[in-house]
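Construct the entire structure; sequences and hints are all you get.
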Amino acid sequence: MQFTFFTIPLYLSAIILLGLGFYGFRFRGIKGSFAFFFDMLICAAWALNQALALPSDNLTFRIYMLNIVISVLTFLGITWLVIVLSMIGKEGWLNRKKLTLLFIPTLFNLTMLWTNDYHHLFLSNYQLNSQNGFIALYCSVGPMYWVYYTWNFTLIAVSLVLLLEFGFSKGGIYLRQALLVGSGSLVPLAADLAYALFEFPLPGYELAPVLFVFTGLCVAWALFRHHLLEFTPIRLSTVVENMSDLLLVLDAQDRIVEINGPAGKFFGIDPRSSAGKATAEALNRWPQLREAFKTSGPGNREIYLDSVGMEKIFDLSVTEINTGLRGSVGRAALLRDITLRKQAESARVESDRRYRLLAENSLDIISRSNLADVFIYVSPACQALLGYEPEEMLGHSSYEYFHPNDLDPITKSHNTILEQTGKYTVDHRMRHKDGRYIWFESTSHTIRDEETGRILEIQSSSREITARRQAEEALKESEARYRFLAENSTDTISLLSPERVFEYASPACQKIIGFASEELVDHAFLEFVHPDDQAQFLQLRANWKEQNKEVLITYRHRCKNEQYLWVEVSAHYVTDPATGQLLNIIAVARDITERRKMEEALNAEKLKAKNLESLGVLAGGIAHNFNNALTGVTGYISLAKVELEETSDAYDYLTEAEKATQHVAELAQRLVPFANGGAPIKQKVKLENIIKTTTSFMNQNSRWKYIFDLPSALWSVLADPTQIRDALQNLIKNALEAMPEGGIIEVKAANVTLEANQIPLLNPGRYVQVTVQDQGCGIKAEELIRIFDPYYTTKFMGNGLGLALSYSIIKRHGGQIVVESEWGRGTTLHFYLPVIPEEAGV
Numbered sequence: 001m002q003f004t005f006f007t008i009p010l011y012l013s014a015i016i017l018l019g020l021g022f023y024g025f026r027f028r029g030i031k032g033s034f035a036f037f038f039d040m041l042i043c044a045a046w047a048l049n050q051a052l053a054l055p056s057d058n059l060t061f062r063i064y065m066l067n068i069v070i071s072v073l074t075f076l077g078i079t080w081l082v083i084v085l086s087m088i089g090k091e092g093w094l095n096r097k098k099l100t101l102l103f104i105p106t107l108f109n110l111t112m113l114w115t116n117d118y119h120h121l122f123l124s125n126y127q128l129n130s131q132n133g134f135i136a137l138y139c140s141v142g143p144m145y146w147v148y149y150t151w152n153f154t155l156i157a158v159s160l161v162l163l164l165e166f167g168f169s170k171g172g173i174y175l176r177q178a179l180l181v182g183s184g185s186l187v188p189l190a191a192d193l194a195y196a197l198f199e200f201p202l203p204g205y206e207l208a209p210v211l212f213v214f215t216g217l218c219v220a221w222a223l224f225r226h227h228l229l230e231f232t233p234i235r236l237s238t239v240v241e242n243m244s245d246l247l248l249v250l251d252a253q254d255r256i257v258e259i260n261g262p263a264g265k266f267f268g269i270d271p272r273s274s275a276g277k278a279t280a281e282a283l284n285r286w287p288q289l290r291e292a293f294k295t296s297g298p299g300n301r302e303i304y305l306d307s308v309g310m311e312k313i314f315d316l317s318v319t320e321i322n323t324g325l326r327g328s329v330g331r332a333a334l335l336r337d338i339t340l341r342k343q344a345e346s347a348r349v350e351s352d353r354r355y356r357l358l359a360e361n362s363l364d365i366i367s368r369s370n371l372a373d374v375f376i377y378v379s380p381a382c383q384a385l386l387g388y389e390p391e392e393m394l395g396h397s398s399y400e401y402f403h404p405n406d407l408d409p410i411t412k413s414h415n416t417i418l419e420q421t422g423k424y425t426v427d428h429r430m431r432h433k434d435g436r437y438i439w440f441e442s443t444s445h446t447i448r449d450e451e452t453g454r455i456l457e458i459q460s461s462s463r464e465i466t467a468r469r470q471a472e473e474a475l476k477e478s479e480a481r482y483r484f485l486a487e488n489s490t491d492t493i494s495l496l497s498p499e500r501v502f503e504y505a506s507p508a509c510q511k512i513i514g515f516a517s518e519e520l521v522d523h524a525f526l527e528f529v530h531p532d533d534q535a536q537f538l539q540l541r542a543n544w545k546e547q548n549k550e551v552l553i554t555y556r557h558r559c560k561n562e563q564y565l566w567v568e569v570s571a572h573y574v575t576d577p578a579t580g581q582l583l584n585i586i587a588v589a590r591d592i593t594e595r596r597k598m599e600e601a602l603n604a605e606k607l608k609a610k611n612l613e614s615l616g617v618l619a620g621g622i623a624h625n626f627n628n629a630l631t632g633v634t635g636y637i638s639l640a641k642v643e644l645e646e647t648s649d650a651y652d653y654l655t656e657a658e659k660a661t662q663h664v665a666e667l668a669q670r671l672v673p674f675a676n677g678g679a680p681i682k683q684k685v686k687l688e689n690i691i692k693t694t695t696s697f698m699n700q701n702s703r704w705k706y707i708f709d710l711p712s713a714l715w716s717v718l719a720d721p722t723q724i725r726d727a728l729q730n731l732i733k734n735a736l737e738a739m740p741e742g743g744i745i746e747v748k749a750a751n752v753t754l755e756a757n758q759i760p761l762l763n764p765g766r767y768v769q770v771t772v773q774d775q776g777c778g779i780k781a782e783e784l785i786r787i788f789d790p791y792y793t794t795k796f797m798g799n800g801l802g803l804a805l806s807y808s809i810i811k812r813h814g815g816q817i818v819v820e821s822e823w824g825r826g827t828t829l830h831f832y833l834p835v836i837p838e839e840a841g842v
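Mapped onto the numbering used here, the consecutive letters of the sequence shown carry residue numbers 1 to 842.
Just so you know, these hints were derived from the structure itself, not from any lab.
Honestly, I wouldn't trust all of these hints.
[Stated by the list, open to error] Pairs of lysine-lysine residues, derived as DSBU-like cross-links and limited to a Cα-Cα distance of at most 35 Å, are as follows:
1. K476 / K560
2. K342 / K277
3. K412 / K476
4. K433 / K412
5. K412 / K423
6. K684 / K748
7. K265 / K312
8. K294 / K312
9. K560 / K780
10. K748 / K597
11. K705 / K659
12. K597 / K811
13. K265 / K294
14. K705 / K684
15. K733 / K659
16. K265 / K90
17. K686 / K705
In structure tokens:
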């Protein structure tokens, strides 16, 4: 390694460039200063690298230093682009994604450079040659070197184009600064390009690092001396032109120096040709304005100016322009149009006047509060409603008057109107001066500054609603009571629309008809009515105005299991008192299926009783007349038989006739219990004894088998033993005839206590129940209701009097007969006789 004086400029350049870099770092608050700092560091590193490598004759060291300088210079184009973009106000373009894209080629170049030993696409054929006292490093340039060089050169060229385009578009100081920076960057760029393309007398000695000192000085002058970036990208003239205010700049002789577009438009002056004109000429229509220009100083004043037949109000500010040594050289006048603001202020004053007039005559309390909810105004109505004079409430927080239990909703209301626009209404109580609380409905909203949106105050209107609240509470209690009744009623309570569609159904509907309340809602009422019963509802719907407000209807209602229940519904029409229009129908429905069964059973019993009564009248006459007539017939038959031989045919005929008359006599005798004279002769009896004697008499055939269930502690009854025996005998005979081929007959007795309506037409109480059950063919449903009718029989040889006679006997004893039968499953007959009270322990 040998010393050469040519390294001194390189060392000095490195020192100057480092100084410029750190000088720029001091101004890091200015845009582009960081990029300038790094750019100067890169150039300083370049110069220092050249100074260190130039005297060396070590090929390896020179190659290593060359790789380092190329690595550093790889970032030069990027830093220069960042500086220019900052100068022209486009630094926002450099987002993370675009910076990443910029660094991809740079990183690629670095990778290819430091792996050059493997592919030699960057540089190759290194050798040192001494020429003119210089030890120069020569090498062959590969394609990747030109990629690196072109990429850096392109970034710098693009930066210069952007800078010059910006300068020419803005003009003035910006053009001068752009030309200064551009020329400063072109000098080292041209030197580096010449070094790459041509041979110089001093081989290996690059002037670009030295010339970058000139570039750094140009950029520093533009950035930090003239503070170019503090106003980029909008110059002062652009700001002035885009002002909505009117700006006029006058010199000391009251001549126009500058006038912006809005001022030129208002005064009818062309800003480009107005420079140098006296205000007396240009503004001759506005003498008051020219006079106002002569007075400058702190503070603004209002001035009225007209233009194009329209008067406007301006806020005028006149400022002296001083240049130091020369003192005042002119004045700058700024006129701000405040017409709308003044109109708004006038409207606000008028609005305040009207507001106060309304507030002071309102029956409601009108109040204004600050953001801390402290009253700043309260209308006189507070005296009538709360007992306070307005002055007593001013300066006090509204929270001092609220009921403690209402603080939570009031606080939420307060926070809501502070966070959102619009109104908010809340019900609350306020303390009267005498200590009681009054209900109010308060509607509040915020008053905001029109320009900033800042909340100025809260205005509220509070209406006294104590009576309404009491009515609402009473209504709620009433609704709660009625809802409780509806929800707990055993009847179904429903609400229908005028179109007869369910709007509500009480829970009882599920228990009665199987449908849940929600399953009925929105369904038509007629969907659940038996088809045969719908006509009456259609007629009621057509003529509802002609009827009373309440109607009572009986119909069959469809259940969820597709069965029908008998229902009695009371419907009430709810109408509008003013128009008479139907609003709703309230229907209360009750399940009367059991009642219908009882009514049907009662009607059947009444019919049976009527038939038996008729039969009794008839039976009395028939039995008496038959007995008299049959006595004569029987006597004459006996006399005739005496006269005949027993072997003759006539004798046999008379014998059969005698049997027939005896059968008729027996039949007539069976009618006697139906007659009025057949009243039972009651005595205290034990039914188990009657049952045993009757069944033993009838148990003469082995085809039938009896099964008995006769408790020993049966209660005693008052009964006619003979009639009870006949009744039981008829029931057993009916069972025997139902099983002509034989079978099992069960005879049971039991003490029972009946509830109301458990057995039709029997009062609640204690009874002895006797049951006769067979295994015969049973009775068809359509025949079941007629089996106790006189002369009704299903047997070929029957006379239809057996069961009717049993029914008549049991009824005369105050009892009842009940039949249970299913076709093909046999028949069960029960009869009930009332117990002697003392016997049953009553």
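Hints, verified against the model:
1. K476 / K560: Holds, because 34 Å separates the two Cα atoms, which is no more than 35 Å.
2. K342 / K277: holds (32 Å)
3. K412 / K476: holds (25 Å)
4. K433 / K412: Holds, at about 26 Å.
5. K412 / K423: Since the Cα atoms of K412 and K423 sit roughly 13 Å apart, the hinted pair holds (cutoff 35 Å).
6. K684 / K748: The hint holds at about 20 Å.
7. K265 / K312: holds (14 Å)
8. K294 / K312: holds (21 Å)
9. K560 / K780: holds (28 Å)
10. K748 / K597: With a Cα-Cα distance of about 27 Å, the restraint between K748 and K597 holds, given a limit of 35 Å.
11. K705 / K659: Distance ~31 Å between K705 and K659 Cα, so the pair holds.
12. K597 / K811: Holds - the C-alpha atoms of K811 and K597 are around 20 Å apart, at most 35 Å.
13. K265 / K294: holds (23 Å)
14. K705 / K684: Measuring from Cα to Cα gives roughly 30 Å; hence the hint holds.
15. K733 / K659: holds (22 Å)
16. K265 / K90: Within the cut-off at roughly 32 Å; holds.
17. K686 / K705: holds (24 Å)
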